[in-house]
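Chemist: Sequence:
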Amino acid sequence: MESYELKDTDDNILDTLLHDSISRNQSLYRFLDMLNTIDGSVSLAVNGRWGTGKTFFVKQAKLLLEAENPFFENRPYYNEVRNNSSWKKHKAEIGQEFAPVLPVYYDAWLNDNATDPILSIVYEIINQLDLKDEIKGKPEFKEIIKGVAIPFVEKKTGVNIEKFLDSLESKDYLEEISTQQHVHERVEEFITNVIKERGNRLVIFIDELDRCRPDYAVNLLERIKHYFSNENVTYVFSVNIDELQHTIKRFYGDGFSSTEYLDRFFDLTIDIPMIDVDKYFNSICFASNDLASSVCKIVVSKLDFSMRQAERFAKIIKIAIYNNRFYKNNPVWSEDRAKFFMMANVAPLIIGLRMADIKKYRKFIDGKEASFMLEVYEGDNKDLVDHFMLKKNEVFKTGNNAANEVDFNQRLTEIYEAIFDYDKSNSYQKEIGLMTFDKNSKAWLLNVINLFSLQIEF
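Just so you know, this note's numbering puts 402 at position 105 of the sequence shown, and the rest follows in order with no gaps.
Since the hints were derived computationally from the structure, they do not count as laboratory data. Any given hint might turn out to be false.
To be verified - With a Cα cut of at most 27 Å, we get these calculated DSS-like pairs of lysine-lysine:
no.: 1; residue 1: Lys-612; residue 2: Lys-594
no.: 2; residue 1: Lys-493; residue 2: Lys-359
no.: 3; residue 1: Lys-546; residue 2: Lys-576
no.: 4; residue 1: Lys-657; residue 2: Lys-689
no.: 5; residue 1: Lys-576; residue 2: Lys-522
no.: 6; residue 1: Lys-657; residue 2: Lys-688
no.: 7; residue 1: Lys-625; residue 2: Lys-656
no.: 8; residue 1: Lys-679; residue 2: Lys-594
no.: 9; residue 1: Lys-739; residue 2: Lys-615
To be verified - Restraint ranges, calculated between C-beta atoms of paired labels, are given here:
no.: 10; residue 1: Phe-395; residue 2: Ile-567; range: 16 to 24 Å
no.: 11; residue 1: Asp-677; residue 2: Asn-698; range: 18 to 26 Å
no.: 12; residue 1: Met-331; residue 2: Asn-698; range: 54 to 62 Å
no.: 13; residue 1: Thr-710; residue 2: Asn-737; range: 53 to 61 Å
Glycine included, C-beta positions come from ideal geometry on N, C-alpha and C.
Required output: the full structure, derived from the provided sequences and hints.
Modeler: Below, the structure written as structure tokens:
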């Protein structure tokens, strides 16, 4: 079974950036324009629901920032990203040089088993910037790291800086004791030494904070504010603000003002731009001019699906509809036309509703929610559904009041009721336009969306 999940692998991050396959590059470029103008210590929040592609957004931002700093020129993707035509065009249009920065990506959720986040952030900086060997060769740099590390490591373990640096490969190094008075100064020295001759500032992307344990999320925010606040560091938090507020309240209590609390840490909050659904669906092999694909795009838009929801939706549609022989073949008989119509024009609505709103889904298949079908096929979308709806001598209403004119919404409602709100007798059969529905139509359709249909070719 083919997967349509766009996982945040290095290859996918790079490929979607180079080909702009989710049509978000222009928003990404404008975001970097803003980052490029920032002076001083600033924290930004990139806000979005779960599954909206926040991780993609910040990892692509990291790639582009690396491509603007010669320090990263030995990275395998450096030239490919730097010379990407749309990125070069954007830079030419704004007429602005990008200052070399050192971007670091930190997955807070991956590290939330740590006792204290300070060392895990230090680890990511050292590891992602390939500084371990250099630090080992510079006693003065090692002393700075030692000043940062020792307050957060058990005295009884006898950890020294060599062991700490060696432990970077295993990450087995985060055990807390009481902090010392001069940690902030040592962190300042660490940042200064990291930036020296490599760039003019650090940009630390902190992802998945809203998924962390409440105590760790609060601890990370507080530690950064107390120890990592620096004029040469910019923080970008990719978060679901609503979920993070719930996380904060779980730690401090329901009466606590999580909104005011987060305002202490985020100087600016921006909402992540939506992906281009048409372009995304086409990129995962949905034909741009295909009927079911066009219907699916409307459903995704109407139900305001996130990127991850769209991926799941696409996976089910591919199996249930595109692998079904009734969709592959040209229907000749009226019963087959009804099945084709149900697959192309009704199944995507049911699958979408089941993912988005289970109560509305229940009402729809119980024959009590025709309004959603009318909403999907309103306006110009009528062209997607008018096949087989009319007999050869019928036309949709044009205002001439001719005897053969049919009201579009009335006919569509009639089809909906023929499938979901029908006479339960064994002899039930309903001819509408060029289609014939019967008492088994609903069961047949539900078998299709539940992947039980014998016509599906796995």
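Chemist: Among the hints numbered above, which are violated by the structure, and what are their numbers in rising order?
Modeler: 3, 4, 5, 6, 7, 13
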